[in-house]
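Chemist: Sequence:
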Amino acid sequence: MDQVEIFKALSNKARLQILHWLKDPEYHFPEQKENGFEHGVCVGQIHQKSGLTQSTVSEYLTSLQRAGLVTSTRAGQWTYYKRNEEAFAALSELIQKEI
1 MDQVEIFKAL SNKARLQILH WLKDPEYHFP EQKENGFEHG VCVGQIHQKS
51 GLTQSTVSEY LTSLQRAGLV TSTRAGQWTY YKRNEEAFAA LSELIQKEI
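Each residue of the sequence shown is one higher than the last, beginning at 1 in UniProt numbering.
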């Protein structure tokens, strides 16, 4: 767990918002409900909800993935993202014990 990468990723309001949305994808992305959330949320849905450019959303998701806070799954031409809850548990433990 690279603490610096994690805190850099968390230092952006839009990235925090994306993590918030991914915490409860059924609520925040109801239009994807019929396809399910087994692999996570489609990057296109995140892009549409955020109002940011596709390249900015991709950059933000890459930053979150590099920090280990999200995972991605490729299915055909689509990429899906979900939170890495184990990373959040480890981060919580780190903050409680070391910071």
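If you're looking for bench data, these hints aren't it; they were derived computationally from the structure. Some hints here could point you the wrong way.
[To be verified] Heads up, simulated BS3-like pairs for lysine-lysine below, C-alpha to C-alpha not over 27 angstroms straight-line: (1) Lys-97 - Lys-33; (2) Lys-8 - Lys-82; (3) Lys-49 - Lys-33; (4) Lys-23 - Lys-13; (5) Lys-97 - Lys-13; (6) Lys-8 - Lys-49; (7) Lys-23 - Lys-33; (8) Lys-23 - Lys-97; (9) Lys-97 - Lys-49; (10) Lys-23 - Lys-49; (11) Lys-8 - Lys-97; (12) Lys-23 - Lys-8; (13) Lys-33 - Lys-82.
[To be verified] What follows is a set of in silico ranges between Cβ atoms, one per label pair, in the way DEER data are often shown: (14) Pro-30 - Leu-94: 30 to 36 angstroms; (15) Lys-97 - Ser-58: 30 to 36 angstroms; (16) Leu-16 - Gln-54: 15 to 21 angstroms; (17) Gln-96 - Ala-75: 32 to 38 angstroms; (18) Gly-44 - His-20: 35 to 41 angstroms.
Yeah, the Cβ is synthetic: ideal placement off N, Cα and C, and Gly gets one too.
Chemist: If a hint holds in the structure, say so; if it doesn't, say that too.
Modeler: Results for each hint:
Only pairs whose Cα atoms come within 27 angstroms are accepted, and Lys-97 paired with Lys-33 is rejected, the gap being roughly 38 angstroms. Distance hint between Lys-8 and Lys-82 is fulfilled; the C-alpha atoms sit about 19 angstroms from each other, no more than 27 angstroms. In summary, the hint linking Lys-49 to Lys-33 is supported, as the alpha carbons are separated by about 15 angstroms, within the 27 angstroms threshold. Taking the CA atoms of Lys-23 and Lys-13, the gap is about 15 angstroms. The hint holds against a cut of 27 angstroms.
Distance restraint check for Lys-97 and Lys-13: the Cα-Cα separation of roughly 26 angstroms lies within the 27 angstroms cut-off, and the hinted pair is therefore satisfied. In summary, the hint linking Lys-8 to Lys-49 is supported, as the alpha carbons are separated by about 23 angstroms, within the 27 angstroms threshold. At roughly 15 angstroms between alpha-carbon atoms, Lys-23 and Lys-33 fall within 27 angstroms of each other, so this suggested pair holds. Between Lys-23 and Lys-97 the alpha-carbon distance is near 24 angstroms, which keeps this suggested pair within the 27 angstroms criterion.
As the CA atoms of Lys-97 and Lys-49 are separated by approximately 36 angstroms, the hinted pair breaks the 27 angstroms bound. Proposed proximity of Lys-23 and Lys-49 is supported: the alpha carbons are some 15 angstroms apart, at most 27 angstroms. Using a Cα cut-off of 27 angstroms, the hinted pair Lys-8 and Lys-97 holds, with the two alpha carbons roughly 20 angstroms apart. Restraint check for Lys-23 and Lys-8: satisfied, since their Cα atoms lie roughly 19 angstroms apart, inside the 27 angstroms limit.
Between Lys-33 and Lys-82 the CA atoms are separated by roughly 14 angstroms; this keeps the pair inside 27 angstroms, and the hint holds. Judged by the Cβ atoms, the range 30 to 36 angstroms given for Pro-30 and Leu-94 holds: they are separated by roughly 34 angstroms. Here the CB-CB span from Lys-97 to Ser-58 is close to 34 angstroms, well matched to the stated 30 to 36 angstroms. Here the CB-CB span from Leu-16 to Gln-54 is close to 20 angstroms, well matched to the stated 15 to 21 angstroms.
Between Gln-96 and Ala-75 the beta carbon distance is about 36 angstroms. The supplied range of 32 to 38 angstroms therefore holds. The supplied range of 35 to 41 angstroms is broken by Gly-44 and His-20, whose beta-carbon atoms lie about 19 angstroms from each other.
Checked against the numbered hints given earlier, the structure breaks hints 1, 9 and 18 and satisfies all the rest.
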